[in-house]
Amino acid sequence: MNLRSLNWKQLGMGFGIPLIILIALALLPNYGWEYGVSLFSYFLVYMILTVSWVLFSGATGYISLATAAFYGIGIYAAALFHPATGLSLPLIVVIIIGGAASFILAFIVGAITLRLKGIYFAMFTFGLVLLLFQVINYVETSILGQRGRFVALESNETIYYYLLGIFVVTMMVTYFIKRTKYGLALQSVGENEEAAAHTGINVTMVKILMFAISAALMSAVGVIMATKTIYVDASTAFNPMISFSPALMAIFGGMANLYGPVIGAVIFSYIQEILQTGSLNNYYMLIFGTILIATILYLPNGLMGLIQNLWKRIKGARSAPARG
Amino acid sequence: MALFLNIFIGGLLIGGIYSLVSMGLSLQYGVAKVFNIAHGEFMMLGAFITYWLQGLGVNPLIPILIVAPVMFIVGFILYRTVFTGIRVRSPNPGVFESNGLLAAFGLYFIVQNIGVLIWGSTPQAYSFLNTTVGVGPSDFRINRIVAAAFAVGIGLIFYLFLASTRSGKAIRAAAQDASTAGLMGVDINYVLALCFGFGAAMAGIAGALISTCQQISTTMGLQYTVIATVVITLGGMGSIPGSFIGGFILGIVGTGVAYWQPGLAVAAYYVIFIVLLLVRPKGIMGR
Amino acid sequence: MHLLEGKGVTIHFGGLAAVSDVDFYVDKGEVVGLIGPNGAGKTTLFNLISAALQPKPGEIFFNGKKISGLAPYKICRLGIARTFQTVKIFSSLPVIENVRVGALFGAQKRLKKDATSAAKELLEFVGLSDVANTPAKDLTLAYQKRLEVARALATQPELLLLDEMMAGLNPTELTEAMELVKKIQKKGITVVMIEHVMKAIMGICDRIIVLDYGKKIAEGTPKEIANSKTVIEVYLGVSNVKSK
Numbered sequence: 003m004n005l006r007s008l009n010w011k012q013l014g015m016g017f018g019i020p021l022i023i024l025i026a027l028a029l030l031p032n033y034g035w036e037y038g039v040s041l042f043s044y045f046l047v048y049m050i051l052t053v054s055w056v057l058f059s060g061a062t063g064y065i066s067l068a069t070a071a072f073y074g075i076g077i078y079a080a081a082l083f084h085p086a087t088g089l090s091l092p093l094i095v096v097i098i099i100g101g102a103a104s105f106i107l108a109f110i111v112g113a114i115t116l117r118l119k120g121i122y123f124a125m126f127t128f129g130l131v132l133l134l135f136q137v138i139n140y141v142e143t144s145i146l147g148q149r150g151r152f153v154a155l156e157s158n159e160t161i162y163y164y165l166l167g168i169f170v171v172t173m174m175v176t177y178f179i180k181r182t183k184y185g186l187a188l189q190s191v192g193e194n195e196e197a198a199a200h201t202g203i204n205v206t207m208v209k210i211l212m213f214a215i216s217a218a219l220m221s222a223v224g225v226i227m228a229t230k231t232i233y234v235d236a237s238t239a240f241n242p243m244i245s246f247s248p249a250l251m252a253i254f255g256g257m258a259n260l261y262g263p264v265i266g267a268v269i270f271s272y273i274q275e276i277l278q279t280g281s282l283n284n285y286y287m288l289i290f291g292t293i294l295i296a297t298i299l300y301l302p303n304g305l306m307g308l309i310q311n312l313w314k315r316i317k318g319a320r321s322a323p324a325r326g
Numbered sequence: 048m049a050l051f052l053n054i055f056i057g058g059l060l061i062g063g064i065y066s067l068v069s070m071g072l073s074l075q076y077g078v079a080k081v082f083n084i085a086h087g088e089f090m091m092l093g094a095f096i097t098y099w100l101q102g103l104g105v106n107p108l109i110p111i112l113i114v115a116p117v118m119f120i121v122g123f124i125l126y127r128t129v130f131t132g133i134r135v136r137s138p139n140p141g142v143f144e145s146n147g148l149l150a151a152f153g154l155y156f157i158v159q160n161i162g163v164l165i166w167g168s169t170p171q172a173y174s175f176l177n178t179t180v181g182v183g184p185s186d187f188r189i190n191r192i193v194a195a196a197f198a199v200g201i202g203l204i205f206y207l208f209l210a211s212t213r214s215g216k217a218i219r220a221a222a223q224d225a226s227t228a229g230l231m232g233v234d235i236n237y238v239l240a241l242c243f244g245f246g247a248a249m250a251g252i253a254g255a256l257i258s259t260c261q262q263i264s265t266t267m268g269l270q271y272t273v274i275a276t277v278v279i280t281l282g283g284m285g286s287i288p289g290s291f292i293g294g295f296i297l298g299i300v301g302t303g304v305a306y307w308q309p310g311l312a313v314a315a316y317y318v319i320f321i322v323l324l325l326v327r328p329k330g331i332m333g334r
Numbered sequence: 218m219h220l221l222e223g224k225g226v227t228i229h230f231g232g233l234a235a236v237s238d239v240d241f242y243v244d245k246g247e248v249v250g251l252i253g254p255n256g257a258g259k260t261t262l263f264n265l266i267s268a269a270l271q272p273k274p275g276e277i278f279f280n281g282k283k284i285s286g287l288a289p290y291k292i293c294r295l296g297i298a299r300t301f302q303t304v305k306i307f308s309s310l311p312v313i314e315n316v317r318v319g320a321l322f323g324a325q326k327r328l329k330k331d332a333t334s335a336a337k338e339l340l341e342f343v344g345l346s347d348v349a350n351t352p353a354k355d356l357t358l359a360y361q362k363r364l365e366v367a368r369a370l371a372t373q374p375e376l377l378l379l380d381e382m383m384a385g386l387n388p389t390e391l392t393e394a395m396e397l398v399k400k401i402q403k404k405g406i407t408v409v410m411i412e413h414v415m416k417a418i419m420g421i422c423d424r425i426i427v428l429d430y431g432k433k434i435a436e437g438t439p440k441e442i443a444n445s446k447t448v449i450e451v452y453l454g455v456s457n458v459k460s461k
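Chains as they are written, first to last, in this note's numbering: chain W, 3 to 326; chain G, 48 to 334; chain A, 218 to 461.
To be clear, the hints were calculated from the coordinates, so they are not data collected in a lab.
Idealized CB from N, CA, C, for every residue including glycine.
Treat the hints with care, since some could be wrong.
[Claimed, not checked] In silico BS3-like pairs for lysine-lysine, Cα to Cα no more than 27 Å straight-line:
{"hint": "1", "chain 1": "A", "residue 1": "K330", "chain 2": "W", "residue 2": "K180"}
{"hint": "2", "chain 1": "A", "residue 1": "K354", "chain 2": "W", "residue 2": "K183"}
{"hint": "3", "chain 1": "A", "residue 1": "K305", "chain 2": "W", "residue 2": "K180"}
{"hint": "4", "chain 1": "W", "residue 1": "K119", "chain 2": "A", "residue 2": "K291"}
{"hint": "5", "chain 1": "W", "residue 1": "K119", "chain 2": "A", "residue 2": "K224"}
{"hint": "6", "chain 1": "A", "residue 1": "K305", "chain 2": "W", "residue 2": "K183"}
{"hint": "7", "chain 1": "W", "residue 1": "K180", "chain 2": "A", "residue 2": "K399"}
{"hint": "8", "chain 1": "W", "residue 1": "K314", "chain 2": "A", "residue 2": "K354"}
{"hint": "9", "chain 1": "G", "residue 1": "K329", "chain 2": "W", "residue 2": "K119"}
{"hint": "10", "chain 1": "A", "residue 1": "K305", "chain 2": "A", "residue 2": "K330"}
{"hint": "11", "chain 1": "W", "residue 1": "K183", "chain 2": "A", "residue 2": "K273"}
[As the list claims (entries may be wrong)] Stretch by stretch, here's where chain G covers chain W in the computed footprint (C-beta under 8 Å, at least three residues):
{"hint": "12", "region": "106-120"}
{"hint": "13", "region": "123-130"}
{"hint": "14", "region": "134-142"}
{"hint": "15", "region": "244-255"}
{"hint": "16", "region": "296-305"}
Just chain W, same shape as in the assembly:
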C-alpha cells in the first residue's frame, strides 16, 4: 500500500473529524467550565455503555440485560481496591482488575447460555443483576459485617480524563474488530448463525469473546464512576436501570452504525440529567419506558435510520425526472 493509493478524502473524513472532536474534548477542562466537565463525563459514561452494548447485542442479536451487573462489578472493584481509607491501588490497575473480573464472569455466563437460543441468554442476563446483588449483599452483611463502603474521591477532571480514555479504547476496539477478520466473523454470525458455523466459524467462541470484551468495558466505567459517587453498597451498585438505559439509547439512536448509539447516548443522558434534577425526578423510569416502547413501535431503525431514510428521500426527489 503506497501513499498515493490511499483515499485521502475518505481517510480525512474517517479519521480527521473524530480526531478534531477528540482534541476538543481533551482540552475541555481547560476552559474552566465546571458544569461542562461534569456533563460530558455523564455523556461519556453512557456513550461507552451504549457502544459496548451494541458491540455485542447489536452485532449478534442476543439481547444482553446484564449491563448493570458488569457495571456493578466495576463499582465493587473500586470499593475493594481503591478505598477511601487503607491500601489503595492506582486507578488503572483497578480498572484492569474490574475488567478482568467481568470478563471472566461474562465468559462463564456466555459459555453456559450462548450455545442455546437467544431467549435463554436474555433470561439469564436479566436476573444476573439481582443475583449479584443478593450474593454480594449477603457476603457483605452476613460474612463481612460491612454496611457500605467508601471509595476514594477523585477530582472531576481525573474522572473526565479516565472516561475519555476508556471511550477512546472502546472506539478503537470497535474499529479494529470491524476491520479484522473477526469483525467479518461477527457480522456473519449476526446475519446467519447456522451458515456461519458451516463456513468454519466457531460461532460460540465468537459470541462468548465479544460478550466478555463488552463486559470488561462496562466494568471499567463502573470503576471510575464509583470514585464520583463514593458511597458504595450492594443496592446502589446493582441497579437494573443501568441495564435498561444503554439498550434504550442504542435502539433510539439506531444500530446500523456507530453514530446511532453515540447520538442516542448523548440525547438520553442529557434528558436523564434534566429529569433527575428537575421536578419530574419521580417519573423518569415511566417516561423512558414509554419512549422505549414508542421507539420499538414507530422508529424501528432508530433516529439514525429515520435520518438516513429522509436523506434518501430528499436525494431521490432531487434526482427524479421532472414531470413533463
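Based on these hints, arrange chains G and A on the given structure of chain W.
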C-alpha cells in the same frame, strides 16, 4: 423431623403461589411469545390493590375477584395494542421475540414507577388469618394454607379450561403452531391476547394471595419474575403442567435455602437454572 | 477407504425416525445423487453429515476419521462444505464478502490478501464477477444459490454437499448449474447432491442413492435406478409399475 416438615410443607405452600405466577408467564411466553419481564410487576399491582382494598375494610380474599379481571383486561389491551403492533412490524419471529422482550423491559420500568408513585417504596404488610395450625410437630400459618389452596384451585380450574373447552383447545393449538392454528380458523390475534391477559390475571391473583401472608413492596416484582423464569425452564417451555410442578419444586428449594441462609434464595434458583441450561434446557416436560 | 462413510445412521424426531439405519459411502471423485420423495430424510442426512444434528445411534466417518459428534465448524475445517435448501447467505454483506468469509475461515488458514484473491477467483468460477459488490440480498435466487456454492468452495472442501441447488431454475439456468457441478468435479472435489430435478441427477451423477421414509431403498448407477421397480413404485405408486 420438624425441620423437614417445615421445609417440605412450607415449600409446598409457597410453591402454590410460585406455580400460579409461573403458569402466567408460561402462557405469555410459551403461547404469546412475549417474554414478559414485567410479569412480576403485575403481581406487585395485584398485591397492592389488595392491600389498599383491605385497608378500606374489605376481606383480603374478595379483591381477587376484582384484581383478576382488571389485570386480565390490562394484559389483553396491552397485547392488542403494544405487542400486536410489534408483531406485525417484525419481519420474523426471532425479531418479534427480541423486540417483545425489550418492550416488556420498558413495561417493567413503567409499571414499577407507577407503583412507586402511588404507594411509595417502603414495604407494607397487613395481618390476615395470622394464626397457625399444627401439623405434627410443626406449625403453619392459616393464611399460607388458604393462599396455597386458592392458587392450586385456580391452577386446576385453568388446566381443566385448557383441556376441555373450545377456547382452551384454541389456546393449545396456538401454543403448538400459531400460524397453522390461524389457518384452521382460530382468531390468532384474539387468542394470543387472551393468553397474555390470562397470564397477567394469574400474576395479579398470585400477588393478591401473597399479600395475605407476607410483606410486600413496590420493588418485589423482579424476584418473582426470576422465579417464574426458572420455573418455566425447569418445567419445560410451553408446558403448563410443567410450570405447575416446577413451582412446587422451587418452593421447596427456596424454603430450604431460606432456612439455611435467608438472603441467598435467588442464588439457589440460579444454581438450578445453570444446571438446567447445562444439562437439559428443555426442562422436565419440555417438547 | 471411502472418503465419506456412514454406518447405521439414525435419528428420531419425537416418535418418527427421520433417518433410519442408513449405511452409505461416497468415494473420492464421485458425483453422488441423493434422491427420494419429499420427507424421505435427505436434508436430514445432510444435517447429520455436516453436524447440524448428531446421529443417534450411528456413526459417520470422513477419511477414516469419525466425525459424528463434532461441531459444524470443525467439520467444515476438516473439508466438508455444504449449501442449504433454503439459501442461507449473509444478506447484508456484499457478494465478495460472503465468499471471503469462506476463504478466511475454511479448511486452510489464509492471509487476508490471499483470501481476497481466492474470493475473486471463485466469483469468476461461478460466474458472479459482475455483481461482486452487490449486497447479497439483492441477487436473484439463481445467483444467490451460486453465491452459496462459491462460499462453500472458498472453504477448500474435499467434499461438497449440494442441497437442491437446481430447484426453481429455468432451463438455461439449469444447464449452467449442471455445467458448474461438472466443473467442480473436474477440480477434484467430490460432490453429493440432493435433487428432485431428474434431468440433473441422470445427467451428472455417477451413482445414486434413494431414500424413502428415512430408509435407503436403492443404490446404483443412473440406468439401474431408472429401471428399478422399487424406485418407480416409490415415486409413482404401485399400480403404475408396468409388468415386464
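Taking the hints in turn, this is what the structure says about them:
For a cut-off of 27 Å, the pair hint linking A/K330 to W/K180 stands: about 16 Å separates their Cα positions. Of the pairs offered as hints, the one joining A/K354 and W/K183 holds, with about 21 Å between alpha carbons and a cut-off of 27 Å not exceeded. This hinted pair checks out: A/K305 and W/K180 have alpha carbons roughly 22 Å apart, not beyond 27 Å. Between W/K119 and A/K291, the direct Cα distance comes to roughly 20 Å. Compliance with the 27 Å bound is thereby established for this hinted pair.
Of the pairs offered as hints, the one joining W/K119 and A/K224 is violated, with about 31 Å between alpha carbons and a cut-off of 27 Å exceeded. Under the criterion of a C-alpha separation no larger than 27 Å, the hint pairing A/K305 with W/K183 is consistent with the structure, at around 20 Å. Among the hinted pairs, W/K180 with A/K399 is inconsistent with the structure: their alpha-carbon atoms are about 38 Å apart, more than 27 Å. At roughly 19 Å between alpha-carbon atoms, W/K314 and A/K354 fall within 27 Å of each other, so this suggested pair holds.
Of the pairs offered as hints, the one joining G/K329 and W/K119 holds, with about 11 Å between alpha carbons and a cut-off of 27 Å not exceeded. Between A/K305 and A/K330 the CA atoms are separated by roughly 25 Å; this keeps the pair inside 27 Å, and the hint holds. For the hint linking W/K183 to A/K273, the alpha-carbon distance of about 36 Å lies beyond 27 Å, and the restraint is violated. Interface restraint, the region 106-120 of chain W with chain G: holds (4 residues with C-beta to C-beta distance below 8 Å; minimum three).
Counting residues of the region 123-130 of chain W whose beta-carbon sits less than 8 Å from any beta-carbon of chain G gives 5, enough to reach three: the coverage restraint holds. Counting residues of the region 134-142 of chain W whose C-beta lies closer than 8 Å to any C-beta of chain G gives 4; at least three are required, and the coverage claim holds. Counting residues of the region 244-255 of chain W whose beta-carbon sits less than 8 Å from any beta-carbon of chain G gives 4, enough to reach three: the coverage restraint holds. Remark: the region 296-305 of chain W is confirmed as covered by chain G, as 3 of its residues place a Cβ nearer than 8 Å to a Cβ of that chain, reaching the required three.
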